[in-house]
Amino acid sequence: MRSPLVLAFFLAVAPLGAAVDFDHEIVPLLRKQCGECHTGDKRKGGFSMNTRVSLLEGSENGAVVVPSDVAKSKLLELVASADLDVRMPPKGPGLSPAEVAKLKAWIAEGAVWTSGFAFKQPAYEPPLKPRAPVLPTAQDGREHPLDRVLDAWVKAKQLPRPAVADDATFLRRVHLDLVGVLPTAAENAAFLAERAPDKRAKLVRALLSRDADYADHWMVFWNDLLRNDYAGTGYIDGGRKQITGWLYAALSENKPYDVFVRELIAPTPVSEGFAKGIIWRGSVSAGARPELQFSQSISQTFLGINMKCASCHDSFVDRWKLRDAYGLAAITSNQPLELVRCDIPTGKTAVAAWPFPELGQVDPTKPRTERLQQLAALMTHPENGRLQRTIVNRLWHRLMGRGVVHPVDSMQTEPWNQDLLDVLANRLVESKYDLKAVLEFIATSQAYQSRTETLTRTTDDKGYVYRGPRAKRLTAEQFVDALWRLTGTAPLKVDAAVARTPAGQASMAWQAQPLWSNDKAKGALPPVGETRVFRLRFQVPAGLAKAGCVVSCDNSYELFVNGKTASKGDDWQAPQAFDLTSYLRAGENEFLLVGRNGGNAPNAAAIWLQAFLRDANGKDITIATSRAWEWTAAVPNAKGVLPANATWRPVAVLANPVWATGEPKMAELLAQLSGKGVPSARASLVKSDLLQRSLGRPNREQIVSMRPNELSTLEAIDLANGQAFTDLLGRGAANLLRRPWKSPDDFTQWLYISALCRSPSAAELKVAQEILGPRLNEQGVADLLWAVCMLPEFQTIR
Amino acid sequence: MSLPHGLPLDPALPEPLARREFLRLLAGAGLATLSLGAPKLLGSDDKPVVHPPAKADACILIWLAGGMAAPETFDPKRYAPYEKGLEYKRVLSTFPAINTSVDGVRICQGLESIAQVMDRATLIRSAVQPDLGSILHSRHQFHWHTGYVPPQTVAAPHIGAWMARVLGPRNPVMPAFINIGQRLEGVGESEELKAFTTGGFFGGEYGPMNLPFPEDAAAAVRPPKGMDAGRFVNRDKEFRRLVDATPHRDLLSDYQQESMLRSMDNAYRLLSAKERAAFDLTLEPKEVQQAYDTSRFGRGCLLARRLVENGARFVEVTTEYVPFFQWDTHGKGHDMVSKMHKEIDRPIARLIRDLEARGLLDRTLVVIASEFSRDAMIEGRPGSKAGDQSFHKGTTIENPDHYGLHRHFTGGTSVVMFGGGVGKGKVYGATADERPLVAIKDPVSVEDMHATIFTAMGISPKTAFDIEGRPFYATVDGKGKSANIFG
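So the protein lines, in turn, are chains A and B. Sequential numbering from 1 applies to the first sequence in this note's numbering. Sequential numbering from 1 applies to the second sequence in this note's numbering.
It is worth saying that the hints were derived from the structure and are not from the lab. Every residue gets a Cβ at the ideal spot worked out from N, C-alpha and C, and that includes glycine. What you were told as hints is all true, and nothing was included just to trick you.
Not close to chain A: a few residues of chain B, all C-beta gaps over 12 Å, as computed: (1) LYS89; (2) GLY359; (3) ARG363; (4) LYS426.
The calculated lysine-lysine pairs, modelled on BS3-like cross-linking and capped at a C-alpha distance of 30 Å, are: (5) B:LYS481 <-> A:LYS91; (6) B:LYS385 <-> A:LYS276; (7) B:LYS225 <-> A:LYS568; (8) B:LYS332 <-> B:LYS77; (9) A:LYS665 <-> A:LYS687; (10) B:LYS225 <-> A:LYS493; (11) A:LYS321 <-> A:LYS91; (12) B:LYS479 <-> A:LYS348; (13) A:LYS102 <-> A:LYS72; (14) B:LYS479 <-> A:LYS44; (15) B:LYS194 <-> A:LYS687; (16) B:LYS225 <-> A:LYS564; (17) B:LYS479 <-> A:LYS74; (18) B:LYS225 <-> B:LYS237; (19) A:LYS32 <-> B:LYS479; (20) B:LYS237 <-> A:LYS766; (21) B:LYS194 <-> A:LYS493; (22) B:LYS286 <-> B:LYS274; (23) A:LYS199 <-> A:LYS436; (24) A:LYS32 <-> A:LYS91; (25) A:LYS766 <-> B:LYS225; (26) A:LYS639 <-> B:LYS225; (27) A:LYS42 <-> A:LYS32; (28) B:LYS479 <-> A:LYS321; (29) A:LYS42 <-> B:LYS481; (30) A:LYS687 <-> B:LYS225; (31) B:LYS479 <-> A:LYS91; (32) A:LYS255 <-> A:LYS676; (33) B:LYS481 <-> A:LYS44; (34) B:LYS385 <-> A:LYS348; (35) B:LYS194 <-> A:LYS276; (36) A:LYS742 <-> B:LYS237; (37) B:LYS479 <-> A:LYS42; (38) A:LYS321 <-> A:LYS276; (39) A:LYS568 <-> A:LYS687; (40) A:LYS120 <-> A:LYS91.
Using the sequences plus the hints, can you model the full thing?
Laid out in structure tokens, this is it:
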């Protein structure tokens, strides 16, 4: 590469006598010629000359300057090269011969550097180990450690202390933040009426003790952060593995965070999905192989380090190097891992290592399992403040709307308040890595309980200034859960394979008996295609709140309720569950079930049906197939109408051990439908759909630590006219209409309390009256529901 | 100007600066740009990006998903008619070549209508794709649509999202990026399709409006089923009154809440604007509807035309990717492609002629492309380790099902471009005349293809956005080079 011309030039330069003046000759020269790419935070090619240490560290390709060794100092070769593809700097006329000579002399003299000099003060390096900040004196009796830090900060900056949020605002905020659902109208009334001075703290603790609600809600955060989902890229061919069951259990039992992290890094089969990453089909770039994904994922999720740049080349933006990324990758790699820079193999083998040797190091000679355990132990080392700060910062961000370090994945940057971050981190450690304890710590502070900051477009233009919590947009899951709960429209089943109820509690007593016609001789079986019609007439009391039904038939059936088709099925092992409420009326009702036998030869046939009718007090009446039913051989027309002369006869109650195996499933469906003993479905546990995507639920191929706070126009279009959303509102309105409202105002009152935690104003009541009309009807209720859901006040957590 | 069969163009299309201002407002700049940053030119922090002058204002990407075999469409080679026992090695094309309106340029039989408009086109015959190991459509489609090989550590934006982000909407009420004809639910590999049919790290504001069924497009901008227009309008009016009646007006000065209301306004504007008629195919004269109506794809072409007439920025219309259907010929290739010829020939030609008749072709770039080509023998490209995915493994053709190009070929394929300043009646690049049919002149990589399209649209291939503290370029590392096909 070195041209003869350059060699000749070097030989021609006379040795220099006088010492080179670093400050006045070398600094301006380096700043002018090299500064743009190799000082400050810039390290093109992995090379920085910002400090003497970084200068001597060299580049990705090895040493650049070797003090007193002109021949080994590649810098001289590069600045003097005649090859413009090689020469540094690549732009401009380059160095003059005199400048090259000066550099050469400086290196020959040992590259003397003024002690402590840096072109730019070195990029911020956050503390690694925990710190114990001295808490400022409490002001006005505000003793909470977080308030002591923040009050002192606010006072020093002569800023106003954020005002306390009112009870209703706090109530809504803390419900959504901790368990993801709105408080009910009853919870609202009880909280506002309570007089205890510590009622807010009590509420925080009560919410955190709702284990199922807590787990349901925090699945959203953790699925995003661990890129776990119930459908998505990679699952199609086993290139990705869910950790759903493990994660849900970990949240339900509030697994200590250090244990949680260890189980993800040195995993068992149930928790290995995160470490495994996504194995993409076909060939991928070196930086995307699973070992490097491991490196990137654990760095980002647990340490707030962006190892993505360094997976390909030494980072240009922070201190992480290719060997850091590969060091972590090599810990999990089964084979020796060759360092590949920008998809070009380097011939060097990665050495298993993690990026904070101050705390100890992984032994690269140990087998993989042991290396992973060592990494897990180092990651959760009590002195690894980085792990602690990263997670508490994420929790602070979720509750307060902005990270102490922000964005939350850039933990290499300076927090706006180091003491605040450390007080939070220390709380995590003191509580033995109890995440709920940290949430309680934050939520019981006056800071959390303050009014949200009013933002303008220019708020952050000059950097962040703390003025209280920031409002957050409802997540897709919070929005959908709110709607489901307000209107009783949650689906029957969730997609996530999680244990939400202790075994056995989910069942509702199954009373339905298998029935068929009583016209068979002993031992004779119904022929193929035999059709029998079964009937029950029953009374429904007034004031029905909800009714549900599970039905099946060996082999196929159509069920008419009061003359309307309510359900059909053709697989007795796939019983159908449906909401019966809208088919029923007060007074006499009729089930008419047309059952048909299938198969290739005569075989056993039966029907099952069980329904519950729930009154406004939550009391259930059960209706099930039994001897009370009748059958006829007459065949109904398509509308389920039988000839007038049909004769009805008593049914036969059957038994069959094969059928008995299907009954637990029917019982479970009924239990889910009834909601008794089974928590209702949560949006976090179902696959993403159009509505959730419209509300910002992400694809989880990449780790997501912050969702967008804005509603986009396309999302707004979906909310204005999306069919699924409209249908949901329609079903919800139908459900709500069945409740005993005294008047349209009564409904509006309930809706505002339930959705916004406040009563409507007189002006709002008036608009609502116009929407609802003088008599409550489905259209009016659906439209008011829509309008309230679209209010920014509803869509944000203030 | 009022147009014969369409809607009047909005005479007040905003100027570029106004457009960007509009978009900035739309995006909620103050907060959104904190994490994204403004476009910046490679290697310079303070200079604004210098875009090339735009040759086109709108782009229609006609996406022939599944691997359109160039030798069966735009790059005919030696024709070997079907006969029992025919050796695969003798098969280069299963369709004979026909003349086009350009002397010396021949394309395949079955594309007679397109042949007549080739004098408006530049035919690129040297597009190449990398070998991504086992050939998987969705990965190559991801690559083609984003310019990046999956997986990426950040969500890569679709090419349409780049246009939406950098250029903004052409008409403020029209979504900038509209995607016609691809179902994203219930088809094979749908999760993989969703991975690139997205605004990526630009966010939802720049993502696609998906219209899988052109005939139902009107419903996407209409009040939902079961709600008449009067109720819809009234509901919105009452909503605004409810917002006004909110007791704590001070809360509404909050920027986040304002930005939510603005999005609601934007949505309502489209749903009530005259432009929404553009989504309704039934407003076209019967004759025109019939001319396009070869299939869902044909209707999609008509919809694309109407949307571009009314100010859409980027429209993709596809024959749809469904594994083993359409262009994805692992068997019965000749018959399947014959059917595809019928689907695409008339609508594409009519689209070009309609755009021309309306004076829109010069400023509309129409691109016909697919993720790769096909060959009767070679999987991937010569030397590839990709597994053979043809259903029939023999060396000879024993029945008509065996007749066709059943292997995925990445060594050379055709892309046709019309309008938008590209040369007329030109051919760019060439493939070999004997197997392997690799590009032998002026190869155009996926990155260079993006650079070419971006250049036509007035976007510098070096445009970069900061994401997670590092630059993400319109073409990988800002290095895509536009093919010299303009003028």
